[in-house]
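Now for the letters of each chain:
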Amino acid sequence: GENVEQHPSTLSVQEGDSAVIKCTYSDSASNYFPWYKQELGKRPQLIIDIRSNVGEKKDQRIAVTLNKTAKHFSLHITETQPEDSAVYFCAASKYGNKLVFGAGTILRVKS
Amino acid sequence: GAVVSQHPSWVICKSGTSVKIECRSLDFQATTMFWYRQFPKQSLMLMATSNEGSKATYEQGVEKDKFLINHASLTLSTLTVTSAHPEDSSFYICSAGFLDRGSEQYFGPGTRLTVT
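Residue numbers (this note's numbering), protein chains in the order written: chain D, 1 to 111; chain A, 1 to 116.
Everything labelled a hint here was simulated from the structure, so no lab data went into it.
There could be a bad hint or two in this list.
Stated by the list, open to error - Derived pair list, reagent style DMTMM-like, types lysine to aspartate or glutamate, alpha-carbon separation capped at 20 Å:
hint, chain 1, residue 1, chain 2, residue 2
1, A, Lys41, A, Glu104
2, D, Lys94, A, Asp88
3, A, Lys41, D, Glu39
4, A, Lys41, D, Asp49
5, D, Lys42, A, Asp88
6, D, Lys42, A, Glu22
7, A, Lys41, D, Glu79
8, D, Lys94, A, Glu22
9, D, Lys37, A, Glu104
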């Protein structure tokens with residue numbers, strides 16, 4: 001089955017700097033790659049997603065890139081702000097199938 | 001759109017009792033609902049997938065007789081933790097999706113279960 005690895009497990013950045021979180025997946029048939037932000041005790045919130053027919057997607061300060069050949073995808077957050085501090089999860093899925101989550105990255109933005 | 005609710009948001013129960021958690025899709029009909037468990041500082045672990053009107057599919061290592069899932073309608077799924085023990089204390093989150101939107105899932109707010 002699908003296996004998703006996520007790095008780093010923790011990331012500290014200075015406010016205004018960029019943050020990059022990387023994930024690799026094992027199943028070449030996976031075609032949907034969402035990123036979630038989760039604050040303590042709350043539900044995961046979808047912040048951006050990408051499908052396998054696209055190499056990059058951007059939404060304001062957030063972007064995701066996908067390399068299907070290498071089977072990895074990355075989350076890029078620019079101009080980080082203290083409110084970006086949270087746990088971020090990547091996930092992978094095949095059409096209509098369950099999501100397989102990465103282990104999560106604790107992002108701390110220092111002001 | 002695509003709002004999912006859960007009830008209760010938190011519950012404390014005594015060891016040996018059963019607890020039922022409800023998951024509702026409020027403004028859409030979900031063909032599939034998923035149940036996850038999340039321990040502190042860990043990722044979401046899928047417990048089971050349920051489709052309306054059929055038996056749930058449990059992930060390896062999840063006891064189907066302990067975690068009873070019922071998906072009686074396109075807007076409601078329930079998870080019953082039977083004979084709860086302290087090690088079942090966790091954050092339980094449901095999500096709902098529908099096949100014509102591929103793999104997108106919409107998460108409920110979660111239920112914090114504490115077994116004493």
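Against the structure, the hints come out as follows:
1. A:Lys41 x A:Glu104: Violated, because 24 Å separates the two Cα atoms, which is more than 20 Å.
2. D:Lys94 x A:Asp88: violated, 30 Å
3. A:Lys41 x D:Glu39: Distance ~11 Å between A:Lys41 and D:Glu39 Cα, so the pair holds.
4. A:Lys41 x D:Asp49: Violated, at about 23 Å.
5. D:Lys42 x A:Asp88: holds, 19 Å
6. D:Lys42 x A:Glu22: Distance ~17 Å between D:Lys42 and A:Glu22 Cα, so the pair holds.
7. A:Lys41 x D:Glu79: violated, 26 Å
8. D:Lys94 x A:Glu22: Violated: D:Lys94 and A:Glu22 sit about 27 Å apart, past 20 Å.
9. D:Lys37 x A:Glu104: holds, 15 Å
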